[in-house]
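Given only the sequences and the hints, what does the whole structure look like? Please build it.
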Amino acid sequence: MAERFLLTSLEKHLLDTGVLKPQELREIQGRAIDRGVSVEEELLVTSNVPEIEIIKFNSKKLNVPYVELDESEPSPEIVLLVPQEYAQRNKVFPFGIDGGWLKLAMADPKNTVLFDEVKALTGRNVKPFIASRGAIEKKIFEYLFYYRKAVIENLLASVGGAQEKLSHKLGIEIGSIKDIQTQSEIVRTINALILQALQYRASDIHVEPTGDNVRIRFRIDGILQELSPPLRLEMASNLISRIKIMSELDITEHRLPQDGHFRIILEGQEIDFRVVVTPTISGEKAVLRVLDRGQVILDMKYLGFGPEFIEKFRRYIRKPHGIIIMTGPTGSGKTTTLYSAMKILNRREKNITTVENPIEYRMDDITQIQVHPEIGLTFAHSLRSILRQDPDIILIGEIRDLETTQIAIRAALTGHLVFATLHTNDAAGAITRLLDMGAEPFLIASTLRCIVSQRLVRKVCKHCRVEYKPDSAYLREVGAIIPGDDIHTAYGKGCLQCFNTGYFGRVAIGELLEVNDDIRALITEKAHTLRIRDAAIGNGMVTLREDGLNKVFRGLTTFEEVVGQTEEY
1 MAERFLLTSL EKHLLDTGVL KPQELREIQG RAIDRGVSVE EELLVTSNVP
51 EIEIIKFNSK KLNVPYVELD ESEPSPEIVL LVPQEYAQRN KVFPFGIDGG
101 WLKLAMADPK NTVLFDEVKA LTGRNVKPFI ASRGAIEKKI FEYLFYYRKA
151 VIENLLASVG GAQEKLSHKL GIEIGSIKDI QTQSEIVRTI NALILQALQY
201 RASDIHVEPT GDNVRIRFRI DGILQELSPP LRLEMASNLI SRIKIMSELD
251 ITEHRLPQDG HFRIILEGQE IDFRVVVTPT ISGEKAVLRV LDRGQVILDM
301 KYLGFGPEFI EKFRRYIRKP HGIIIMTGPT GSGKTTTLYS AMKILNRREK
351 NITTVENPIE YRMDDITQIQ VHPEIGLTFA HSLRSILRQD PDIILIGEIR
401 DLETTQIAIR AALTGHLVFA TLHTNDAAGA ITRLLDMGAE PFLIASTLRC
451 IVSQRLVRKV CKHCRVEYKP DSAYLREVGA IIPGDDIHTA YGKGCLQCFN
501 TGYFGRVAIG ELLEVNDDIR ALITEKAHTL RIRDAAIGNG MVTLREDGLN
551 KVFRGLTTFE EVVGQTEEY
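Take 1 as the starting number for the sequence shown in our numbering and just add one per residue.
What the hints contain is simulated information worked out from the structure, not anything from laboratory work. Any given hint could be a false lead.
DSS-like cross-link-like pairs, simulated, lysine-lysine; straight-line CA separation at most 25 Å [what the hints assert, rightly or not]:
{"id": "1", "residue 1": "K343", "residue 2": "K138"}
{"id": "2", "residue 1": "K343", "residue 2": "K319"}
{"id": "3", "residue 1": "K149", "residue 2": "K343"}
{"id": "4", "residue 1": "K21", "residue 2": "K301"}
{"id": "5", "residue 1": "K138", "residue 2": "K56"}
{"id": "6", "residue 1": "K21", "residue 2": "K56"}
{"id": "7", "residue 1": "K301", "residue 2": "K285"}
{"id": "8", "residue 1": "K60", "residue 2": "K110"}
{"id": "9", "residue 1": "K60", "residue 2": "K12"}
{"id": "10", "residue 1": "K301", "residue 2": "K462"}
{"id": "11", "residue 1": "K110", "residue 2": "K61"}
{"id": "12", "residue 1": "K119", "residue 2": "K91"}
{"id": "13", "residue 1": "K119", "residue 2": "K149"}
Pair ranges (Cβ atoms, derived) [stated by the list, open to error]:
{"id": "14", "residue 1": "G211", "residue 2": "E311", "range": "33 to 39 Å"}
{"id": "15", "residue 1": "R388", "residue 2": "N238", "range": "47 to 53 Å"}
{"id": "16", "residue 1": "G415", "residue 2": "I487", "range": "45 to 51 Å"}
{"id": "17", "residue 1": "G438", "residue 2": "G211", "range": "55 to 61 Å"}
{"id": "18", "residue 1": "P320", "residue 2": "A192", "range": "48 to 54 Å"}
{"id": "19", "residue 1": "I537", "residue 2": "L224", "range": "17 to 23 Å"}
{"id": "20", "residue 1": "P76", "residue 2": "T112", "range": "26 to 32 Å"}
{"id": "21", "residue 1": "T122", "residue 2": "R476", "range": "50 to 56 Å"}
{"id": "22", "residue 1": "Y361", "residue 2": "G283", "range": "40 to 46 Å"}
{"id": "23", "residue 1": "G123", "residue 2": "K60", "range": "28 to 34 Å"}
{"id": "24", "residue 1": "E374", "residue 2": "K60", "range": "58 to 64 Å"}
{"id": "25", "residue 1": "D364", "residue 2": "G283", "range": "27 to 33 Å"}
{"id": "26", "residue 1": "L402", "residue 2": "Q225", "range": "58 to 64 Å"}
From a predicted model like this one, the values you see are computed outputs, not experimental measurements. Don't be surprised by glycine CBs; every beta carbon is placed ideally from N, CA and C.
Listed below in structure tokens is the structure:
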């Protein structure tokens, strides 16, 4: 090996310690050359080498201490010393003050230029620490609430003073915050709702007339909350008209539902809003879905999945062909997990094409197709065209009918790797659903590789967290087996940061069904879902309930959240 390759000190370390075998390193070096990246970056993104091995090696080599950011809870005042956009772009995170020095976690401590820049931003000398890129991104994500709060407060404080603006793009005028006092009441109200949604980390804004007034609700961590007072009923039609104008919809149409979108730029960050206006008995209702790429981390390690789950999933997504299915209800994070897989697989030698409705996040170097059923551009029609465009990997936003299923199977049989989503309660149910659609059992058995089912459960708020000892009778009731003495069950008692819910943020739980010979035999004989599920558990599948309970015992979420989001048979 040493005679054929000039090894870096990191590569030699990984070989000497047995973390990598020579053949594995040769494959990684080849992939790094193909993608035009360093071997270290390829190791971090697409290999099974523990990230901590690389980080600690660099820590020793550079003589820079390693910090485990998950164990740090800096005050918002310290974090806000470095602007979010700068922290994200340069992969840095301030987590403490030591005397007059700012303790700064860095993905690349070799970049000493950052020391001077951060000093200019904060007025403090920098004491560098090394941390993984993912850990830094996760920590920035955790503090997004405070970043947004500071930005929005600054924008509102600039009324009549500085030139800060809530920008517009694509010809959509959202309005200048500076001129907010001169804007009409309707424009100011819509701007305020948008700012509130971003400040609250909301995924949706509901504007709904009720007969007496206009109710405003925000969906935060999957739960609708009424955090703003209702508006006067006479404002309803003008509010909806304003939303329609922003979304380029027909303001004269009041009888049929309409879909649209608009985009704003807040402090340099693009934020898309997907809009649906629907007629109701009390008037038209508008729901605005917030698609904020700044709130998404496309890295499976930080979505909440365990290392064993990720290792299995990565093994299957590297298969040359076959079908991989994601299941779960709307809002369960299926698309984010699939995008994380696309990020791993996205290389220059791969032609990746997606068919989605809607396209939630734009990805560089990937062909994304938005379906338009109203003009005949359906999933099936798009897929037939894609198969003539020499794809390697295809992502189908949702399998809804037999025709789409048959095209996906044909693509897998002809050497393509196909990812798709399906609405079922669990992983085993996806097989039954495909059979019910009319797909041939032997074709499903020969092309299906694995099925992932997932949910998003709310996380215990770190700001009002209280640990407790769970009741043994309740543990028996939910089927929980305590994994030893080191448990940290907790709940949130409620605080201002979590709007008195006790929860702040969400984490994924999942189950991965591997389609082995036993499962293929059951598919061929059209076995019941319960038999398939029992066989998968017998082969080592960790169920959604079990994965969720493991996170309860780690203090990440609560029994109520897990039991409410999972279904046991």
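Against the structure, the hints:
Distance hint between K343 and K138 is fulfilled; the C-alpha atoms sit about 17 Å from each other, no more than 25 Å. The hinted pair formed by K343 and K319 meets the criterion: a straight-line CA distance of about 15 Å does not exceed 25 Å. With a C-alpha separation of about 30 Å, the suggested pair K149 and K343 falls outside the 25 Å cut-off, and the hint is violated. Between K21 and K301 the CA atoms are separated by roughly 24 Å; this keeps the pair inside 25 Å, and the hint holds.
The hinted pair formed by K138 and K56 meets the criterion: a straight-line CA distance of about 19 Å does not exceed 25 Å. Taken as a hint, the K21 and K56 pair is honoured in the structure, with Cα atoms around 20 Å apart against an allowance of 25 Å. A threshold of 25 Å between alpha carbons decides the hint, and for K301 with K285 the separation of about 38 Å lies outside it, so the pair is violated. Between K60 and K110, the direct Cα distance comes to roughly 13 Å. Compliance with the 25 Å bound is thereby established for this hinted pair.
With a CA separation close to 15 Å, the supplied pair K60 and K12 stays within the 25 Å bound. Of the supplied pair hints, the one linking K301 and K462 holds, its CA atoms being roughly 20 Å apart against a limit of 25 Å. For the hint pairing K110 with K61, the CA-to-CA distance comes to about 11 Å; that is within 25 Å, so the pair holds. For the proposed pair K119 and K91, the alpha carbon gap of about 16 Å is at most 25 Å, so the pair holds.
This hinted pair checks out: K119 and K149 have alpha carbons roughly 23 Å apart, not beyond 25 Å. A hinted range of 33 to 39 Å for the beta carbons of G211 and E311 is inconsistent with their spacing of about 54 Å. Under the hint 47 to 53 Å, the C-beta atoms of R388 and N238, about 49 Å apart, fit the expected range. At roughly 47 Å, the beta carbons of G415 and I487 sit within the given window of 45 to 51 Å.
Range check, G438 to G211: about 45 Å between beta-carbon atoms, so the 55 to 61 Å window is missed. P320 and A192 have their C-beta atoms about 52 Å apart, which keeps the hinted 48 to 54 Å range intact. Between I537 and L224 the C-beta distance comes to about 34 Å, which lies outside the given range of 17 to 23 Å. Between P76 and T112 the C-beta distance comes to about 27 Å, which sits within the given range of 26 to 32 Å.
Checked against the hint of 50 to 56 Å, the pair T122 and R476 passes, with Cβ atoms roughly 53 Å apart. Checked against the hint of 40 to 46 Å, the C-beta distance between Y361 and G283 comes to roughly 32 Å, which is inconsistent with it. Against the hinted window of 28 to 34 Å, the Cβ-Cβ separation of G123 and K60 comes to about 31 Å, which satisfies the hint. Distance hint for E374 and K60: a CB-CB separation of about 60 Å, consistent with the stated range 58 to 64 Å.
Taking 27 to 33 Å as the suggested C-beta distance range, the pair D364 and G283 does not conform, at roughly 41 Å. Distance hint check for L402 and Q225: the Cβ-Cβ separation is about 40 Å, which falls outside the suggested range of 58 to 64 Å.
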